[in-house]
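Note that the protein sequences, when read in sequence, are chains A and B. One gets this note's numbering by counting positions in the first sequence from 1 and adding 89 to each. One gets this note's numbering by counting positions in the second sequence from 1 and adding 89 to each.
Treat the hints as calculated values from the structure; they're not laboratory data. Predicted, not measured: the structure shown is a model, and the values here were computed from it. Any given hint could be a false lead.
The list makes no distinction among identical chains, and a pair is therefore deemed to hold if it is satisfied within one copy or across any two copies.
[Stated by the list, open to error] Below 35 Å or equal to it, Euclidean Cα-Cα: the simulated DSBU-like pairs (lysine-lysine) are:
1. Lys416 x Lys580
2. Lys416 x Lys342
3. Lys130 x Lys580
4. Lys416 x Lys130
5. Lys180 x Lys607
6. Lys130 x Lys607
7. Lys189 x Lys342
8. Lys180 x Lys137
9. Lys342 x Lys580
10. Lys251 x Lys342
11. Lys130 x Lys251
12. Lys416 x Lys180
Protein chains: 2
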Amino acid sequence: MSGEIATGGPAAREGRGREHGGKARRERRSVGGGVRQLPFKTLRNPLKPIEVLSEDQVETIHLASLEILENIGIESLHMETIDLFERAGAKVDRSTLRVKPDRGLILEAIRTVPPEFTLRARNPERDLHFGGNHLVFCATGGPAFASDLDRGRRAGNEADMKDYIRLVHMLNVLHQEGGTGLEPTDLPPDTRHLDVYESILTLTDKSWHCWAIGAFRVRDAIEMACIAYPTTREELLTRPAVISIINSNSPLKFDGPMGEGLCELARTGQATVCTPFTLCGAMSPVTLAGALAQQNAEALFMIALTQLVRPGSPAVYGGFTSNVDMKSGAPAFGTPEYTKAAFASGQLARRYNFPYRSSNVNASNVVDVQAAYESGMSLWGTIMGGVNLLAHAAGWLEGGLTASFEKLILDCEMLQLMRETLTPIATDRASLGLEAIAEVGPGGHFFGVGHTLERFEHAFYAPLLSDWRNFETWTDAGSIDGTHRANAIWKELLRQYQEPAMDPAAREALAAYVARRKVEIGSGKY
Amino acid sequence: MSGEIATGGPAAREGRGREHGGKARRERRSVGGGVRQLPFKTLRNPLKPIEVLSEDQVETIHLASLEILENIGIESLHMETIDLFERAGAKVDRSTLRVKPDRGLILEAIRTVPPEFTLRARNPERDLHFGGNHLVFCATGGPAFASDLDRGRRAGNEADMKDYIRLVHMLNVLHQEGGTGLEPTDLPPDTRHLDVYESILTLTDKSWHCWAIGAFRVRDAIEMACIAYPTTREELLTRPAVISIINSNSPLKFDGPMGEGLCELARTGQATVCTPFTLCGAMSPVTLAGALAQQNAEALFMIALTQLVRPGSPAVYGGFTSNVDMKSGAPAFGTPEYTKAAFASGQLARRYNFPYRSSNVNASNVVDVQAAYESGMSLWGTIMGGVNLLAHAAGWLEGGLTASFEKLILDCEMLQLMRETLTPIATDRASLGLEAIAEVGPGGHFFGVGHTLERFEHAFYAPLLSDWRNFETWTDAGSIDGTHRANAIWKELLRQYQEPAMDPAAREALAAYVARRKVEIGSGKY
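Looking at chain A on its own, in the form it has when it is part of the complex (with noise of 0.2 Å):
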């Protein structure tokens, strides 16, 4: 009887189990050193995206969201949007400020959206193409915390909101910056947009996302763009370099500085990225064909809003349903509800050929097993829901409040993981291998032969941030779990760092524009 009927039951042949027959070696790479991560990319999904809904599921939501238009209407804040609704032929009663457009206006409004658009980088390299199957993973932003192991949560800041932005420069599988992935909430409100454009246009070439909550943010973004880039805003119209991302203020309701933003970006050819925050339970009703139905005719309204502004301007379909806990109101990610939103959401944007976006989100509140499992239930549902632009795609954590450096680390090797899934697999002759399965012959192994050896290096993703050594290597080096190594990956990464070359006098005019507008805004001139 073998040795292995002593040390293993049915299974114990699988896995590591194996290893005792000496066919894998134990040596691993010496720990240390640099940080390996894959090369930058543009991306594409060549799988078919999953499906939760029929066919006639997807008209159903759509023609309720049509219904909710029509009967119930959308409540705005934002008088130029009651205004080109009016004009659209909208009915409208301004005592409630409500806008009630039928379904004619906003089908016949929704023809102009581009179903593709490419948004431009400061480096032309890293410029992006929104629709069809691309795939662009942008960093998170907008929380108003920073966390990482060593120095915990603390209000966000000017010094770590820079880091962040050297962090999502340096790791290669991020396309675009998020606009921030903390608000430098040391810097005074009402001038640290321009804070915050000058530090990403400077301190990375990527694309990059400007806040929309006023129509000043927004000119001062593509004001800034054009100094930096370099560009005019007649260039602009036609080869967009700003996108933002703009919510209703769900139920129904939409308010004035992000109807400003939404109009400034659409009438500068700029983009929209329409997001409904409907958490079902809360701002949606509690199921989620209704919290769909609700998220659907909202973004079609802000949608349909950026094209009587200029038809033909980009525009996103954002979803963003999830649910609350029932028990006690806290709203839940990466759950179940939102995974099957996500898919549903993408299937509702390709009725109606808009590029859709979708976000990376979980709610746990320290970097931990639960913010893994909720962030990896996110990323199949927005990429096999076929997302297109993948928001807050890493070191989102506490349901958005806070951005945490491990955790964007943590996000960096789910995404590349996603992005190597999607590479297809050759089936050509020498890759099936018949030869060197024939010239290792049954029982032997594959370390030596010349097959392998040819292919070795690149054959299969090398992590960011696994950790593969045996149980004793690993424990020897001091047992240190994932959550900890990102934490040495994030700060490796701010030690390689080095700024992206930029014109010096681009930078100068851009610390000049920084500097004249702070005095016109204290001077009450936004």
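For this one, chain A is given, so just place chain B on it according to the hints.
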């Protein structure tokens, strides 16, 4: 200007940033007390599997695998296997133990494999169906070590083995016990299967896996099932109750004890799960196509063998293709390669109309973010690959060397998430909730409306492990991360455990059988 401008960037309204709007309450359920989990339910996967191979590519791999069998063949250390194939017309070289079945033989033999079958459990309500879109979650089987946060990593032992079975019994999302989560290495090797079977058959009434290394271990499983269910060998022929995993000794080798196990299972009409272990770059070519062709060849060989022994005996196509870290030779799991292989293996299994087995794997040494994200990749790969039997669905750690108590809980949460994601979205008129949307109106909230109140208790997934309390409440409660929460949950489940009822006579007969067989095996009578 609104307060939101001061506190948030473009995306600050998404996620918990919205809570300052006052719509989401901050109170949470009190912690402690019972463990909340979903009820036991057999499962179907209504989603269309993800396909990474074209139909042509599936055919290419199929043909390559037949070429491997015809030209290279399998080395069998099991003489009955050689005899059976020779009798069926295969070329055999007894000096090299090489069996070379041609494609006609293989394709003819596999025609009798049942595409679906039912496996009896001791509790008839827990009978399981394999094939079609049925989905069975089976706990891990075979690890040599046990581990938990309190006691660390230790050699598998009888006490831990029993606790693990008790937990598998208690965790409703698990359909099947995996043949003990860990090896009781403190019991004598030649008779420990008897103790294991007795523990399984008394501590849980769920379906289970026996050990198949050597015919006597299968015979003992069948005899003990006959006593415990109760049933007879005659009845078992048409209503199987015993299942086990059969591994080939990749590459292209089939050993004696596994051959014995397979033939005994097939002869008695019990189920075999025929699983090569093709680790790219070690036991198979470095390329996925090569590994899949070799996997397919070995699986077809074993499955054909089950039908040569007894046409119509239930067999499952097992895929276990992953890769090694080429820097160290260590096995890697939950990689993009693993995930793609899981999709592709499902396509191969469906080509032959075989039930499909795959696994929830990871290579982490600890229950950390790596364990969670690698398992997440495995779960999506296998479940969206159309798996029917998900082996090692819960508990597997460290590449299969260790059965972890916390990983068991983590995996059950992840399985629950997947299970709920497979539930369709209802879009009937009541679910759309248009009346509720009209009732709430723009700017309102849905907490108190009838549509919500009628549904809120069962509207959403209630987690086993996730903690959705806000940061302050979570911090006040001790900042307990997911792995430590898992630790508390398995302990609470063990406290709640109650042994399922069993006829005392059957229980005595089982004990007597074990006692008798220990004496027999002690005297060399296997």
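- With identical chains treated as interchangeable, where does the CA-CA distance between Lys130 and Lys580 reach 35 Å or less: within a copy, between copies, both, or neither? Answer is within: at 24 Å inside a copy they meet the 35 Å cutoff, but 47 Å across does not.
- Between copies, within a copy, both or neither: which fits Lys189 and Lys342 at Cα up to 35 Å? Intra 12 Å, inter 72 Å, cutoff 35 Å: intra-copy only.
- Message: At most 35 Å between CA atoms: does that hold for Lys130 and Lys251 within a copy, between copies, both, or neither?
- Response: within (24 Å within a copy, 50 Å between copies)
- Given identical chains, is Lys416 near Lys580, meaning Cα to Cα at most 35 Å, within a copy, between copies, both, or neither? Close across copies (24 Å), not inside one copy (39 Å); limit 35 Å.
- Item | Intra- versus inter-subunit Cα pairing at 35 Å for Lys342 with Lys580 | The answer is neither: 43 Å in one copy and 48 Å across copies each exceed 35 Å.
- Evaluate Lys416 and Lys180 at a C-alpha cut-off of 35 Å and name the case that applies: within, between, both or neither. Neither way: Lys416 and Lys180 sit 40 Å apart in one copy and 67 Å across, limit 35 Å.
- Item | Homomeric proximity label, Lys416 with Lys130: Cα distance no greater than 35 Å | between (43 Å within a copy, 24 Å between copies)
- Between Lys180 and Lys607, at a C-alpha cutoff of 35 Å, which is it: within one copy, between copies, both, or neither? neither (41 Å within a copy, 86 Å between copies)
- Item | Homo-oligomer pair classification [Lys342, Lys416; C-alpha up to 35 Å] | within (26 Å within a copy, 56 Å between copies)
- Message: Checking an output row: Lys130 and Lys607, CA cutoff 35 Å. Within, between, both or neither?
- Response: neither (37 Å within a copy, 62 Å between copies)
- Item | Up to 35 Å CA-CA - Lys137 versus Lys180, copy category | This pair counts as neither: shortest intra-copy Cα distance 40 Å, inter-copy 43 Å.
- Between copies, within a copy, both or neither: which fits Lys251 and Lys342 at Cα up to 35 Å? Close inside one copy (34 Å), not across copies (58 Å); limit 35 Å.
Comparing the model with each earlier hint shows violations of hints 5, 6, 8, 9 and 12; every other hint is respected.
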